[in-house]
Amino acid sequence: MILPVHDRLRAHLTRLLSALYGLDEPSLPAIALEYPPNRDLGDLGTPVAFELARRLRKAPRAIAQEIAGAFGTLEGIARVAAAPNGYLNVFLARPAFLLDRLNPERAELLAAPLRDRFAGKAIVEHTAINPNKAAHIGHLRNAALGDTLVRVLRFQGVPVEVQNYIDDTGVQVADVVVGFRVLEGKTLDEIREIAKAPRFDYSCWDLYARVTEWYEEDKSRLASRTETLHDIEHGGNENAEIGAFIADRIVRCHLETMARMNVAYDLLTWEGDILRLKFWAQAFDVLKASKAVYLRTEGRLAGCWVMPIEEDDKAQGPRPKAQGSRDVKEDEAVAGGLQASGDDEDEATEEREKVIVRSNGVVTYVGKDIAYQFWKLGLLGKDFQYRIFAQRPHGPLWATCSSGGRTDHPAFGGAAYAYNVIDVRQSYLQKLLKQALVAAGHPEGAERSHHFSYEMVALSHATARELGYAPEPDSEEARRPFVEVSGRKGLGVKADDLLDTLMRKAAGEVASRNPEFSEAERERIARMIGIAAVRYFLVKFSRGKVIAFDLEEALSFEGESGPYVQYAVVRANNIFQKLQQREGLDEAALLAALQDVPPGELTGEHGSHELWSLVLEASRLDEVVEQVVRSLEFSVLAKYAFSLAQAFNAFYHRSPILNEEREDVRRWRAAAVIYLRNQLARTLEVMGIDVPPRM
RNA sequence: GCGCCCGUAGCUCAGUUGGAUAGAGCGCCGGACUUCGAAUCCGUAGGCCGCAGGUUCAAGUCCUGCCGGGCGCGCCA
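Read left to right, the first sequence gives residues 1 to 695 (the numbering used here).
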């Protein structure tokens, strides 16, 4: 870890600057720390002298020299130097730096001061797939980002509660119910039978596409959707029972899929429970009391409870589009109110308002979400009941329920921070959520609510073609850079298909290199490699970028990929296996004797800083994680893992470790590689990627 | 119309508290396996960082305007 060094150095420089120039701390510039382009210049550097130049009326170089001259001594710092261009560069005490980090007790001491920076629990909500069909590649992006967020927060010591929101009462479930009952004429018992076959979610995927087609052939058929939806909302009838059954089974399929990706949850929150437990009524009281919403008595919104939308956004001309839940836009509206009235020009001057409760008394989607968000932050004054949804090796998976819950559940909700991992198309709604919090007198709640937004996954033309989809040669679709996924049309790469393909390919690669492996061993390792490939792929792009998913590219195990990083760790591990075999020397024994070995290889006396560069770079994981949490940009983490692996591979190729003849050199190299391997494995863990024993 | 996002090498993308010489993968071309594993490594070629202004000691990064593309804006969810 490098952050303790940053902190110590900043504190020292701050004291130094105020003593040297009589500047009081608040007026000091922030001390930026960076890494000089090469280790000859230094290990850390700061341009602080540039910032002070004007104020002190001195040349940056002179300031840097003064600081260097007055620097004194600081634990862990070997020396400082003023560069001719004005940078102040710092050289670390290299052997101590590495030894500290290889000693668990010392490392613990170093990390301790950074531990208590975060107070309170964070809730991360992710995945939230409509429980009516199989998960697809877009859902995998959500889960991979969400789960990585969970892992980086936990890395920092933040207690995290992972929630998966299940929209069991929405149109999409209703559509599949219509499919089974009306198109297929099935009863609940028959559906139960169908669901016993593997991959029930796949059958629903196809059925859902067929229902959509069926609606399109004759719009009057949408009446059965409306009727079914009504039944589901009210409960106590066969449609509701079927809907509940389907949602339950599909959620179990989704959980299996996500488990394959090393993704797990603490709690499933069901929309049905939010309705049944009248969370909304509670939130509504709060909003009314704080005047955040009010009843419209005239105009076209007469009879609606509305929330004023502040800010400059005077959007008009609504364009009909999406429907669905968290994973909205994949299913475009097929019918029903497709024509916007478009005759409200005369009301252009009217203040913008968002309807929260319709004139018929039914709450909108935003309303339910507001109630949920209030609960997440402990501002609702109401709680769910809880049941155990499934048993897992590491403990039960809990789900909300409306009655008959258990008393021995952990405390859920009431978090200090809430992260909602939902794609960018929901930005508007997420903004309203924060506004509602502010309006209800909880600005700090809004502060602590984060919409983790990301762009969608589309398909490359090549991959769409492979799936049997070819746009009209001269159409607009054909000219676009990618093809949009559509649950409605059933066009998309199913998550399990992708995972199957990846693991099959990985198994082939493993078999060709390790023919002696048992089938079980091969499959186990292939699984780890497959996961590494998808998870790395989904996280390496910045979140604001549309991924044009290309199967061939995702299947690559070479170059910048998850398996590349795994390979580096596996090779490093092999070195130490050999060390044990050849010399009977284990890692602990090797490290124990290190203190007395001349450290020339590490300090650069042998003419190269390469080994030290590896150590320094490997130590930056905590800094990278901090940057990742600050920016919520995980591509940084992926690039870090890759560049570290790359640096190791290059080093490994050039410099013998076990076969090095000079004893001291061999030992320091081995020590540095141990540290690098530990850090790289840790980095992979934060990305949800395992390290195979061999590959 | 208004808001948000994207525009960097042939392709796909990093570069997200403004800092020292703009990077990687893929692809192309050429090299390295009797050595700790070639899922690897080394080398060559490839750039008005969309355009134009501005701020700054310093701009791919911040500000303004424009161009091109995507998304969003409902008594849907």
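Rather than coming from a laboratory, the hints here were simulated on the basis of the structure. Every value quoted in this text rests on a predicted model; they were computed, and no experiment measured them. It is possible that part of the hints are untrue.
[To be verified] When the alpha-carbon atoms are kept at most 25 Å apart in a straight line, the in silico PhoX-like pairs for lysine-lysine are as follows:
(1) LYS368 / LYS121
(2) LYS186 / LYS291
(3) LYS489 / LYS431
(4) LYS291 / LYS219
(5) LYS489 / LYS219
(6) LYS288 / LYS382
(7) LYS291 / LYS434
(8) LYS354 / LYS368
(9) LYS278 / LYS505
(10) LYS431 / LYS505
(11) LYS505 / LYS489
(12) LYS121 / LYS545
(13) LYS354 / LYS121
(14) LYS540 / LYS639
(15) LYS121 / LYS288
(16) LYS354 / LYS431
(17) LYS186 / LYS196
(18) LYS578 / LYS639
(19) LYS434 / LYS382
(20) LYS186 / LYS278
(21) LYS219 / LYS196
(22) LYS278 / LYS368
(23) LYS382 / LYS278
(24) LYS288 / LYS368
(25) LYS288 / LYS278
(26) LYS219 / LYS288
(27) LYS431 / LYS288
(28) LYS489 / LYS186
(29) LYS505 / LYS540
(30) LYS121 / LYS434
(31) LYS186 / LYS288
(32) LYS196 / LYS288
query = So which hints don't hold here, by number, going up?
reply = Result: hints 2, 3, 4, 9, 10, 11, 12, 13, 15, 18, 20, 21, 26, 31 and 32 break, sorted rising.
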